[in-house]
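K.L.:
The residues making up each chain are set out below.
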Amino acid sequence: MSWDFTYLFTEILFYKVLFGVSLIGALSGVVGTFSLLRKKSLISDAISHSVLPGICVGFIYEGSKNPLVLLIGCLIAGLISVWLIDFIVRRTKLSEDTAIAFASTFFFALGSVLLSYIVAGDNPEKVGLKDYLFGKAATISFEDINIFMYCGVAILVLIVAFYKQIKLVVFNVDFAASIGISIRLIEFMIAVITVLTVAIGIQAVGVVLMSALIIAPSAAARYWTNNLVKVLLLAALFGCLASSLGVFTSGIFEDMPTGPWVVTYLFLFVFFTLLFAPRKGWFSVLKRKRKTKGRIERENVLKTFFQLEESGVDNVRIQDLMQRRYFESSVLGKILNSLQKDDLLQKENNVYHLTVEGKTESSRIVRLHRLWELYLTKRMNFKEDHIHGSAESVEHLITPELEQELLRDLDFPESDPHNKNIPY
Amino acid sequence: MSLADFLILSTALLIGWSCALLGCFLVLQKVVMIGDAISHSVLPGIVLAFVFSSGFDSVFILLGAAVFGVLTSMIIRFFSSKLKLQEDASIGITFTWLFGLGIIFIAAFTGSNADIDKECVLFGELGTTFLDKIIIKGYLIGTRSIWLILPVLLLIIAFITFGFNKLKVISFHADYAQSKGISVSKWHYAFMLLVSITSVMSFEAVGAVLVVGLLAIPPATAYLLVKRLQQMIFLSLIFSTTCCILGYMLANYWDVSMSPSIVMVCGFQFLIVLIVTQVRKRIFSKAAVNFVVKA
Chain A
91 MSWDFTYLFT
101 EILFYKVLFG
111 VSLIGALSGV
121 VGTFSLLRKK
131 SLISDAISHS
141 VLPGICVGFI
151 YEGSKNPLVL
161 LIGCLIAGLI
171 SVWLIDFIVR
181 RTKLSEDTAI
191 AFASTFFFAL
201 GSVLLSYIVA
211 GDNPEKVGLK
221 DYLFGKAATI
231 SFEDINIFMY
241 CGVAILVLIV
251 AFYKQIKLVV
261 FNVDFAASIG
271 ISIRLIEFMI
281 AVITVLTVAI
291 GIQAVGVVLM
301 SALIIAPSAA
311 ARYWTNNLVK
321 VLLLAALFGC
331 LASSLGVFTS
341 GIFEDMPTGP
351 WVVTYLFLFV
361 FFTLLFAPRK
371 GWFSVLKRKR
381 KTKGRIEREN
391 VLKTFFQLEE
401 SGVDNVRIQD
411 LMQRRYFESS
421 VLGKILNSLQ
431 KDDLLQKENN
441 VYHLTVEGKT
451 ESSRIVRLHR
461 LWELYLTKRM
471 NFKEDHIHGS
481 AESVEHLITP
491 ELEQELLRDL
501 DFPESDPHNK
511 NIPY
Chain B
12 MSLADFLILS
22 TALLIGWSCA
32 LLGCFLVLQK
42 VVMIGDAISH
52 SVLPGIVLAF
62 VFSSGFDSVF
72 ILLGAAVFGV
82 LTSMIIRFFS
92 SKLKLQEDAS
102 IGITFTWLFG
112 LGIIFIAAFT
122 GSNADIDKEC
132 VLFGELGTTF
142 LDKIIIKGYL
152 IGTRSIWLIL
162 PVLLLIIAFI
172 TFGFNKLKVI
182 SFHADYAQSK
192 GISVSKWHYA
202 FMLLVSITSV
212 MSFEAVGAVL
222 VVGLLAIPPA
232 TAYLLVKRLQ
242 QMIFLSLIFS
252 TTCCILGYML
262 ANYWDVSMSP
272 SIVMVCGFQF
282 LIVLIVTQVR
292 KRIFSKAAVN
302 FVVKA
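Protein sequence lines, in the order shown, are assigned to chains A and B. Here my numbering is used: the first residue of the first sequence is 91, the next is one more, and so on. Here my numbering is used: the first residue of the second sequence is 12, the next is one more, and so on.
Hint data in this document are derived by calculation from the structure and do not stem from the laboratory. Any given hint might turn out to be false.
[Unchecked claim] Calculated pairs, SDA-like style, for lysine to any residue (alpha carbon to alpha carbon, straight line, at most 25 Å): (1) A:Lys-370 with B:Lys-95; (2) B:Lys-292 with A:Ser-185; (3) A:Lys-254 with A:Ser-272; (4) B:Lys-297 with A:Arg-415; (5) A:Lys-183 with B:Val-284; (6) A:Lys-183 with B:Thr-253; (7) B:Lys-41 with A:Thr-182; (8) A:Lys-220 with A:Glu-152; (9) A:Lys-183 with B:Lys-179; (10) A:Lys-226 with A:Leu-108; (11) A:Lys-379 with B:Lys-93; (12) A:Lys-183 with B:Val-290; (13) A:Lys-129 with A:Trp-372; (14) B:Lys-95 with A:Gly-384; (15) A:Lys-379 with B:Lys-179; (16) B:Lys-41 with A:Leu-487; (17) A:Lys-383 with A:Arg-415; (18) A:Lys-383 with A:Ile-408; (19) A:Lys-155 with B:Lys-292; (20) B:Lys-41 with B:Lys-197; (21) A:Lys-379 with A:Lys-254; (22) A:Lys-254 with A:Asn-317.
Isolated chain B (complex conformation):
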């Protein structure tokens, strides 16, 4: 394994772990599509940040882009609770519009900065992240992508460890949590801010659309197999690790884009687990029927 391999793979793993941790709660709270909406809607913010900061240097402006994500979840809430639009429709309309706005910004600013191109928006450039090395006093200490996503991962771990019990109650029974005096909507927005930051910081590497795959699929796979939250988090981290490694190897082997191939492996992993659990269920129920018939 060369240095480039190592750097790219660690970027992928850091993003995969961040997404898997957040995704567990999204899946349990049945708000995956809001996560999907957020990861699309940060695009206009990112384009603006890119244009106004003359390059990708300013992390703070990038953080500003994350505001668009929270804004999205607020617009969705406003449409569905205040204006009584069906929730699915408000999600579908809001994020497509913001994503479209991002594309319009790209088209409008293409002249001033040619570094953003539209495909990069969808797939990211995981393969070239290793070019952006950070070297201090002659020692290589990682790439820019790694240093963007690593603090986010630590933040997520801190958030989840700190609020684990509350998050657990909210995820399984939001009404009960509310009656216990936990402010569900505050936690919701805090969580959506984290999703937003994650999608902004991993945008360069995996793009808007495929973040959702990493958010939704490994936790969903884990949820098919286990019932306890701790086990689910643990398993989804493992699934996320395997799909990053396999996806990376596959992309190199076939010479195709990396982040789609990682998500593709995620999907196949999910399908295999789905088939296995379904077959197991069928065998068990047959055995149970036989048992009852004999008795």
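Extracted from the complex, chain A is given alone in its bound form:
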């Protein structure tokens, strides 16, 4: 392994490869979004294995590596495989994953047998045909890039022209069918653009790893936004970025293959997205959970204060609180401090009082608790000894609007099922 940066930026060859591979990355990001949203992204694994016999038959037919003939071979083989999977799932009791595993290995085996037949033959053009297995980005020629461009433009035109229909089929097949969209046509179209993308992509990353390029960019993009256009653009960006990084890495380290590095970068993108994405990421979910838990604890403390004052204890000490309800002492200390900071609580000589705002807030929680208990007994026919648990959790969730509804429905009641006053 040796380092060589200067070579990177002087070679036109490098720019050619960089351009070609990033184009493939961006395109597969866009196309992959649709199969991801239909939860059928593993079909791309079957497709990418299935194009191998297409390439071999194309080669045997033409006798040379004519990119166009190979592409047509790929297209036909890929579509047969998609159709076969669909047929098996619709007509037999086999599940989709079995059908996919069958199609990918069968076609791949078929392709490998043909490949070893070709390699054993004496056609001098056979050199380099094996590169389709793992991809060889360096062999991308200007002719190839030409074909990439034509395919890319065709795919984008198709997507833009049928955007509405594709969107409906992707998000709600039943609705799409009910308004008269031909599901089979759109599904066929999605299959065609996926197979086309895979066919032009395997030259760069190879048969086995192509599916990652289809699946990963959109999987990452899906976590950042809920808007389809933005997902498509982001997926294109991720695909493009990972591909160029892969090309750079394999350019810097001699003998390093491009495809595996592209896939590694994609995996890192997905992993970081899963951890750090806003709203849906691991950390923000964790943060949100902690926040909700803190609010619930705080409301429970306030409620306990109210109950104590209701039973006549005006000077509340920490022991009183602990007797009434179990709190972890470290947590309780923090909550008491934060309540004081928000002017809901006053502290004098180790004795606590609710302030006026504190009283309002705590009586709101108790009111919600008791209203819910009343609602459960009156409207849902619950027994009085079965309602407390539900009210304990629902009191933290009821919104002001819901509270108004409850009050109106129960006609501003005076007391709850346990004959306690409902504070207003």
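The hints should help you fit chain B onto chain A, whose structure is shown.
P.N.:
Frame of chain A, contents of chain B only:
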């Protein structure tokens, strides 16, 4: 049949049977693609084992490689259940990455050990396994590949016989099994460990990609024909046997690589059974319609 034929064919059959036995449960539990993922993801482990054990001798290091398989199923579970990534996406991303990592390792270590080459990773070298004979006191007692896979087959048979009833319940109704107090996830990981060991041990002979064919296709073929688990296992063993023999003969006849041709025969076998069952279904349903119309 020469000695070499016999040795190669028995290697193929042992691998085929191991895969068929495991595959029945994978097909029923609808986790074939996790098996697929595992058989790809053991590659980095195998490469590392190869590099650090200076040859393929140490079986224990090879077993260590099997850990990568279990790791894969854990990563997939973690992504899909904890991080809420779609399951298909987590499978697709995880195994391609690990497989890619294996290829990167090969590229990085090519200088130190030239015995692994990338195509071997995909197809294996079934045809040359007979060269690695094990001879004790002048008697030939098999090849290395046979001695790698034979214990695995016995282990699988023991596992399935021992846990047959539990595995059956898990395969057909996982929730019911859970409610009966069977730890579904423990059995799942144990099973995935077996898949992992099988793919590691048969790696030399059939390669990463084609193990999946042997795992998925014979049981799927059997499942098209029968409904009972015992029958399914029995039939898939038979299908696996026929495709190994036919595939081997075909490979010799056409002079092409062996393991792809075995899986190819598997696939054609599946297609024939698929067509036959579909045609039979159509004839039956027509007969039923006629019967109803006449009545």
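K.L.:
Give a verdict on every hint.
P.N.:
Status of each hint after checking the structure:
Restraint check: the Cα-Cα separation between A:Lys-370 and B:Lys-95 comes to about 8 Å, which is no more than 25 Å; the hinted pair holds. Using a Cα cut-off of 25 Å, the hinted pair B:Lys-292 and A:Ser-185 holds, with the two alpha carbons roughly 19 Å apart. A hinted pair counts as satisfied when its Cα atoms are at most 25 Å apart, and A:Lys-254 with A:Ser-272 qualifies at roughly 13 Å. About 72 Å separates the Cα atoms of B:Lys-297 and A:Arg-415, which puts this hinted pair outside 25 Å; it is violated.
As the CA atoms of A:Lys-183 and B:Val-284 are separated by approximately 14 Å, the hinted pair is consistent with the 25 Å bound. With a C-alpha separation of about 24 Å, the suggested pair A:Lys-183 and B:Thr-253 falls inside the 25 Å cut-off, and the hint holds. For the hint linking B:Lys-41 to A:Thr-182, the alpha-carbon distance of about 14 Å falls within 25 Å, and the restraint holds. Using a Cα cut-off of 25 Å, the hinted pair A:Lys-220 and A:Glu-152 holds, with the two alpha carbons roughly 17 Å apart.
Simply put, A:Lys-183 and B:Lys-179 have alpha-carbon atoms about 18 Å apart, close enough for the 25 Å limit, and the pair holds. For the suggested pair A:Lys-226 and A:Leu-108, the alpha carbons sit about 12 Å apart, so the restraint of at most 25 Å is met. Between the alpha carbons of A:Lys-379 and B:Lys-93 the distance comes to roughly 14 Å, so the proposed pair stays at or under 25 Å and holds. For the proposed pair A:Lys-183 and B:Val-290, the alpha carbon gap of about 16 Å is at most 25 Å, so the pair holds.
Restraint check: the Cα-Cα separation between A:Lys-129 and A:Trp-372 comes to about 21 Å, which is no more than 25 Å; the hinted pair holds. Restraint check: the Cα-Cα separation between B:Lys-95 and A:Gly-384 comes to about 24 Å, which is no more than 25 Å; the hinted pair holds. Distance check on the hinted pair: A:Lys-379 and B:Lys-179 sit about 39 Å apart at the alpha-carbon level, beyond 25 Å; violated. The straight-line distance between the Cα atoms of B:Lys-41 and A:Leu-487 is roughly 39 Å, outside the 25 Å bound, and the hint therefore fails.
For the given pair, A:Lys-383 sits about 17 Å from A:Arg-415 by alpha-carbon distance, which is consistent with the 25 Å threshold. Simply put, A:Lys-383 and A:Ile-408 have alpha-carbon atoms about 21 Å apart, close enough for the 25 Å limit, and the pair holds. Of the pairs offered as hints, the one joining A:Lys-155 and B:Lys-292 is violated, with about 43 Å between alpha carbons and a cut-off of 25 Å exceeded. Among the hinted pairs, B:Lys-41 with B:Lys-197 is consistent with the structure: their alpha-carbon atoms are about 17 Å apart, no more than 25 Å.
For the given pair, A:Lys-379 sits about 37 Å from A:Lys-254 by alpha-carbon distance, which is inconsistent with the 25 Å threshold. A distance of roughly 14 Å separates the Cα atoms of A:Lys-254 and A:Asn-317; the hinted pair therefore holds under the 25 Å criterion.
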